[in-house]
Amino acid sequence: MQKSIGDNMIPKGWGLERGLELIRKAGFDGVELWLGGSAWLQVGTSDADVIDLARRVKDAGLAVSNVSNTLDWDHPISSRDPAIRQLAFTHIERQIEVAHLVGTDAILVVAGLVTDEVPYNEVYARTVEGVKTLAVKAGAAGVRIGCENCCAEQRFLMSPREFATFLDDVGSPHVGIHLDVGNIHETGFAEQWIEIHGPRITRIHLKDVLKHRGRCGNESVYTNLFLGDNNWPAIRAAMQKVRYDGWLIAEMESRYRHAVDQQFYDTAAAIDRLVTGRL
Amino acid sequence: MDFNRREFLALTGSAVAVRFDAGATTPDLDRAIAVLHLEDQGHLLESVKGYQRALGALGIPAVAASESSVVMAAYRGATVIIEAGGTAHDALTALGVNAEQPRNLWRRGFSPAIPNVGSAIPYIDYSWPIAVKVRDFSRVVPLSGPGWDHIAEVDGVCVGLTRRIGRGRLVVLGSPLGPVLLGEDREAHEWLAALLAKERT
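Chains as they are written, first to last, in my numbering: chain A, 42 to 320; chain B, 12 to 212.
Check the hints yourself; a few may be wrong.
Pairwise CB distance ranges (calculated) [what the hints assert, rightly or not]:
no., chain 1, residue 1, chain 2, residue 2, range
1, B, ILE176, A, GLY68, 52 to 62 Å
2, B, ILE176, A, GLU194, 37 to 47 Å
3, B, SER149, A, SER200, 56 to 66 Å
Here chain B is said to cover these stretches of chain A; the calculated rule only asks that three of the stretch's residues, wherever they fall, bring their Cβ under 8 Å from a Cβ of chain B [claimed, not checked]:
no., segment
4, 262-276
5, 280-286
Derived by calculation from the structure, the hints in this document are not laboratory data.
Idealized CB from N, CA, C, for every residue including glycine.
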């Protein structure tokens with residue numbers, strides 16, 4: 042398995058080159074590019090600049106593990122507003138194009154957002170249809186769409202069987218799950234999600250979660266690897282069971298108040314221990 | 012094999028058999044599979060349902076069969092899967108299989124390497140006919156026996172055996188597969204499909 046971390050983790054003011062150098066020196070093999078999350082990758086970034094971005098990543102000794110986006114929350118494909126939905130299609134289609142240009146085969150989308158105004162059933166139907174449509178373009182580009190399980194934040198697809206039914210309803214080999222083991226909170230067990238979804242897992246996001254905090258307050262439930270309640274030996278065993286051998290992508294919150302670069306080294310070392318079973 | 016057919020018949024009185032792809036009077040059972048679940052604590056129905064559903068998905072119709080047809084099935088070319096439970100060990104003894112008392116995988120004490128909360132799932136590691144990890148079903152029956160090949164283990168403890176008998180094959184499982192099949196464990200289905208593919212070619 043290979044290790045990656047998001048470019049949105051690069052400390053503010055460091056710039057891309059210095060950030061990529063840090064990622065490489067910390068021991069990562071790749072970087073997750075966040076469309077909309079940095080100055081160097083926006084929806085309007087030209088093909089030439091995207092290709093140049095890929096070159097800079099390669100020159101740093103890294104690969105692009107996948108392309109994610111920060112835009113689905115404001116522009117979900119499940120929106121009632123056709124104009125918002127069009128914006129969603131625009132940025133996800135651009136994600137697919139970027140993935141193709143930088144030479145990776147996976148993108149992450151947060152598909153579907155239930156709100157007090159837009160109810161669950163409406164979101165479900167619209168999201169299935171939207172992802173089906175996007176799957177055609179993804180397939181043509183040789184890219185898989187990984188729908189992330191943001192569970193509580195999305196208020197959508199909160200159980201693994203429900204998520205499997207969603208993928209069944211989409212019914213495309215070009216659509217799977219970008220599984221975040223830190224997003225399952227107190228509603229289940231990450232290792233069981235891994236078992237159930239197996240070959241439909243496109244990528245895995247790693248972070249730990251403090252389940253006792255629940256979702257009732259403003260305090261984050263997320264923390265660095267091994268500081269929370271995830272059962273990491275079980276998660277590792279489940280990955281072995283389903284023969285997951287893909288990218289492990291750290292998606293943390295930047296919690297370090299000092300020596301911010303240390304989080305990269307600590308995270309890379311933690312993933313190494315996860316991979317090698319020194320738990 | 013040094014067990015007496017009549018004795019084995021007598022000892023499998025509580026077993027449920029499922030026979031596939033062959034008529035009761037057909038002498039050649041090369042394409043048959045039979046399942047004996049030697050368990051009396053409520054897992055029997057789940058196990059049979061699990062096999063029926065899994066085999067059905069493979070396009071193999073399942074029909075009830077008499078115990079005698081199952082007992083002779085292996086001799087006549089069938090693959091017979093025996094799921095060892097905690098109370099029917101005499102039947103296994105007749106087959107030359109030593110079955111220890113069931114061990115709870117989720118309780119401290121089974122093995123230092125299988126601790127409790129915060130530890131790895133004690134998956135069953137099958138090595139034959141394919142290498143897969145299958146979710147445990149809460150407890151296992153350690154198995155051993157001269158002349159039997161080891162095909163599954165958990166933490167170094169053998170929980171699966173196989174050997175040829177007559178024209179067919181016996182497979183003894185110390186961790187029930189049927190309920191796990193019913194639970195849609197993907198690798199359990201892969202294992203069963205591989206067994207069928209191997210024995211039916």
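Violations among the numbered hints
The structure breaks hints 2, 3; every other hint is satisfied.
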